[in-house]
Amino acid sequence: MEPGRWARITEIYHATIARPPEERASFVGQECHGDESLRKQVEAMVKSHERSGDFIESPAFAIAPELLIEAQTVDLIGQSIGHYQIESLLGVGGMGQVYLTRDERLGRKVALKLLPEHLTADETQLSRFKAEARSASALNHPNILTVYEIGTEGNRHFIATEFIEGITLRASLTRERMNLHDALEIAVQVASALAAAHQTGVVHRDMKPENIMLRPDGYVKVLDFGIAKLTEPRPVPDLDEIGTTAVLQTRAGLVLGTARYMSPEQTRGQTVDARSDIWSLGVVIYEMIAGVPPFHGKTPSDCIASILTTEPPPLSGVLPEAPLNLESILQKALRKNSDERYQTIKEMLADLRNLKGELEAEGSSPQTKARAESIVSKIKRHKRGVLLTLAAALLAAAAFAYSFYFVAPAPSPNEKSIAVLPFENRSEDKSNAYFTDGVQDEILTRLSKIRDLKVISRTSTQRYKNRSQKLSEIANELGVANLLEGSVQKTNDQVRINVQLIRAANDSHLWAETFDRKLTDIFSVETEVAKAIADQLRAHLTGQEEQVIAARPTDNPEAYDAYLRGLAYSLKTANTPANALGAQKYLREAVKLDPKFALSWALLSYVDARGYNSLYLQPTVALREEARQAAETALTLQPNLGEALHAKGFYHYACLKDYDTAVRYFEQARQLLPNSSRIPESLAYVARRRGQWDRSESYFNEAERLDPRNVFLLTSHAQSYMILRRFPEALRKFDQVLDITPDDLDTLANKAAIAQAEGDLPRAAALLAPLHPNADDTTALEIQVYQAILERRPAQIIPRLKEILAKPDPALGFYNGELRFWLGWAQEVAGDHAAAQESWRQARSELESFLKEQPENYQLIGDLALTDMGLGDKAAALALTEKAMAVMPIEKDALAGPASIEILARVAARLGEPDRAIAALQKLLSIPYAGPLATGLPLTPALLWLDPMFDPLRNDPRFQKLAESPTAK
Amino acid sequence: MAAASSVQQQVTQFLVDWSSGDTGALDKLIPLVQPELHRLAHYYMSREGEGHTLQTTALVNEAYLQFVDKTHPRWQNRPHFFAVAAQLMRRIMVDHARQRHALKRGGAAQKVTLDEAALVTETRAAELLALDEALENLAAFDPRMSKIVEMRYFGGLSTEEIAEVLKVHPNTVMRDWSAAKAWLYAALSGEEC
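Taken in sequence, the protein lines are chains A and R. Take the first sequence: its letters are residues 276 to 1244, numbered as in the numbering used here. Take the second sequence: its letters are residues -6 to 186, numbered as in the numbering used here.
Read the hints as simulated data drawn from the structure, not as lab findings. Any given hint could turn out to be false.
Claimed, not checked - Cβ-to-Cβ under 8 Å is the rule here; a few derived chain A residues that face chain R: (1) Met320; (2) Ser327; (3) Pro334; (4) Ala335; (5) Phe987.
Claimed, not checked - Residues of chain R placed beyond 12 Å of chain A at every Cβ, according to the derived structure: (6) Thr5; (7) Val9; (8) Trp11; (9) Ser12; (10) Gly14; (11) Leu19; (12) Asp20; (13) Lys21; (14) Leu124; (15) Glu143; (16) Leu159; (17) Lys160; (18) Val161; (19) His162; (20) Pro163; (21) Ala180.
Please read all numbers here as calculations on a predicted model, not as lab measurements. All residues carry an ideal CB built from backbone N, CA and C; glycine is no exception.
Generate coordinates for the entire structure from the input sequences, incorporating the hints supplied.
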């Protein structure tokens, strides 16, 4: 440009912008009169001036520090990271590069996200992220991208997740506005993902269309839970202006698209909870329906200002037919003050579901147009060069993503969910029921190994045996779209199996088949059925999965028969000595008949280890050895058997307390048993023993989602609440159990134990009155005995105990001695000192006889300590207490370890060591633990008041203070 | 004050050479400075979460303290250093943007960009290249304006510091900035000026 001309342009430019905007046009016209090209040039600059806003105002470094970082090249392709062979680069994100890899161990496709160095360099930040990512990886939900592994290889930190083909919601939104029906469908799926996450305490923190993937089959997957933790600013306590400014400054490099979805509290840098995700989801829904985001601005700061101060324009303005209910859902989600918002995503989810239901009922769901077509035409219209605007950048995303998009009619999202209902036993011989159950279970087990299916576990379908409910109701209750019904008829070595796959929505048969086979062919039938179902439900089967479900566990029909009988015992709801012994007997028989029967070895190991740990089988060294050998045999026979890996892990957990190894096995098993609640259930047990109470709770919740009506699981979860002294929650869980198995004796006894701990003896008495536990129902029986002692009215219970002990069941082992100790204690409370001494002497010799075989039985040692206490042998009692502590230290077992401290407190209280007793009690009342008495409850102030063993401390002011502490009722 | 390290002496000498017209000095300078700039950029990006402000001046200041031999007789003027640093920064960032851009082009067929942040990075790379080119064009008929943008945008210099380097009144810097910004914006939006 010629210098004179440029000088003239700038001169007029400066003079123009000095004037008010409304005068500028005419001024430029005057100044450039007669020189059209000059006028155009000045006008362009003035217009630019008016529009340029923050353009190049922030230094380049602040806007794009990532440009200073060496661009990572794609030379990783062909290399391996861990056991992941990198095949191609899928994409690059602010949180790192994502590669498509092949997991060489399991032979499947895995998406691997390499986290950028600058985000992982800070140890604190990294460990915060890892903690979050680990709890996020525990999430197992059809709408949450499954995280396989969070790992480190050298300096590289990576996250391995399931690989999905689909497009992001962002890409989809670049086409014209989404129709109401599709938007609600997506909203409901995203909300259920969030509900599952929030339930386990995981907050997403970065909900935006980029993190929502739409699969061609209609499934919606939410990605990157908790990853935002890596970049999150430390919380600022107050919402003062300094806070806001600080965040704005901190986030100078913030991407506009991220700012749009931030909740007001996030923009202020305050602590973020689940309600922040509710806001962000509200923004996403608004944008899906209105086509524009509710809050926007040219720059992140403008956008944040809009989030903090403006109300979104009513939907009816952009979409006149928007239902009023939707408007109110969004208003409630987008309240600036989080206290006024939906408080839980569940409420929002319920409202969204209702609205969706209403619209569908009205038949107002418009036909979905072929999406891909409209995306393409839109891209064509917008073909452009330099990507100056965000919108153009987003279009590019759609263009790249298009190749991954398949046109397919979208089925409803849970179409691939199925429950296998209990099969009907049509055999002449009704005792063949176990066989029918076994066939049903085998089919279900095979299905549950298919990752693409959502399968409801067996224990959850048990209740529907002899059902009279309508199929659609059952499906609704279980949250599945499909049901499998069947019947089995067995005569000698012939079986007839009839199965029907039913779509619940319209009660239509998708598939039905009758198989007449030899008993020896049973597995191929089960495999055929599983495959046919996968096929009918259009579930994707990996090569590995195909192999796994085709496996024949044994060629020996008799061994299989014994296995099925053992399995039936192991699945019974109550974990009692009788059931554990029954399972053990048949499983031992099965592996004797077919020593190559890996599945049966695995189950035997699990039954043994569970019995060892829970003490329902006598925890002898020999039992522990059997558990180990059985697991190892199973693994040797079939190294890739999920059940065998689980059994090995469970052995490490239950028998060795080697938690790290156990968890490693469980994680491996999870890959092979993706739908099995037993993995998260086992992880919950491990976390509990490690004192990781919150994590344990998350795992319990995860397991319950996979198997919502598993009473064994629900009971274990309730027991966790008991241990944590969260009695109302424990009672709610027990009520859930009673809903499924009404009048369950053990559950009612547990509720009574809680009433005892709360000091409500009349309520406990009312619960216990109708119960008549047998000798082998040790827990319920001892809760009754304890009730009599707390009430100080042991008269009625003494004859019952004498009656049981007159004919002791040898299989109950040390429990007989324990019960005799209680007899002595009841006699002591009744004032019959001589009888008590006699009972304790006998109890001591009974208990001692088990010590040699059960050296690690801390409960047995504790029983002996209490017995010696009764006999007044202080030295022996204290020595045994020490021994119990050494066998089961707190550091090794946060759950059971403190039980020995309670023994110490009792012994010290009784035998004239008040200082030691008080110190022990102070400690106990401050921690969660499973108590040494049959109830398993930790001490509470109310129990201190009531329990006669603490009588010697009653006048001690320190004891009084403890017994009056706030938790007392 | 500790004696200047050999790296500091080297860097300072190259800067002096470069500012006195030895263009080859820049090529020797970049490899010396680049690793440290990377480290600082990593550092600043990871500190983003801790309430630290991303400011070029902070970075450049740090670079100044690290690289420059403050005892060098011809190098005691901070704004002057910053002006050179801005040029250096521009060169490094544009080089990186070019790499990014090339990478994106190369891998585009198989690639899905998964999130907006990455798209924006790529967009920024493209924008930065476009801006660099426009600045070149601007320098052809108004070198001072181009220099002002470079110092402010790449070096993070304040109006006063730029005025000091250029030996002009701060008001002149402001006026030039306004016009340069409008012209660049128009040029990048595809409007003819």
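Okay, the hints, checked on the actual structure:
1. Met320: This hint holds: Met320 of chain A lies near chain R, its Cβ roughly 4 Å from the closest one there, short of 8 Å.
2. Ser327: Interface hint status for Ser327 of chain A: holds (4 Å vs cutoff 8 Å).
3. Pro334: At about 4 Å, which falls below the 8 Å cut-off, the nearest Cβ of chain R leaves the hint on Pro334 of chain A intact, so it holds.
4. Ala335: holds, 5 Å
5. Phe987: violated, 41 Å
6. Thr5: holds, 22 Å
7. Val9: For Val9 of chain R, whose nearest Cβ neighbour in chain A is about 24 Å away, the distance exceeds 12 Å, so it holds.
8. Trp11: Answer for Trp11 of chain R: holds, closest chain A Cβ roughly 20 Å.
9. Ser12: The claim holds: Ser12 of chain R sits with its nearest Cβ about 21 Å from chain A, beyond 12 Å.
10. Gly14: Per Cβ check, Gly14 of chain R is outside 12 Å of chain A; nearest 24 Å; holds.
11. Leu19: Since the minimum Cβ distance to chain A is about 17 Å, Leu19 of chain R lies beyond 12 Å and the statement holds.
12. Asp20: holds, 18 Å
13. Lys21: With a cut-off of 12 Å, Lys21 of chain R remains clear of chain A, as the shortest Cβ separation is near 20 Å.
14. Leu124: violated, 7 Å
15. Glu143: violated, 10 Å
16. Leu159: About 17 Å separates Leu159 of chain R from the closest Cβ of chain A, which puts it past 12 Å; holds.
17. Lys160: holds, 20 Å
18. Val161: holds, 15 Å
19. His162: holds, 15 Å
20. Pro163: The claim stands: Pro163 of chain R keeps its Cβ more than 12 Å from every Cβ of chain A (closest is about 16 Å).
21. Ala180: The claim breaks: Ala180 of chain R does not keep its Cβ more than 12 Å from every Cβ of chain A (closest is about 9 Å).
Violation of the numbered hints given earlier is confined to hints 5, 14, 15, 21; the remaining hints are satisfied by the structure.
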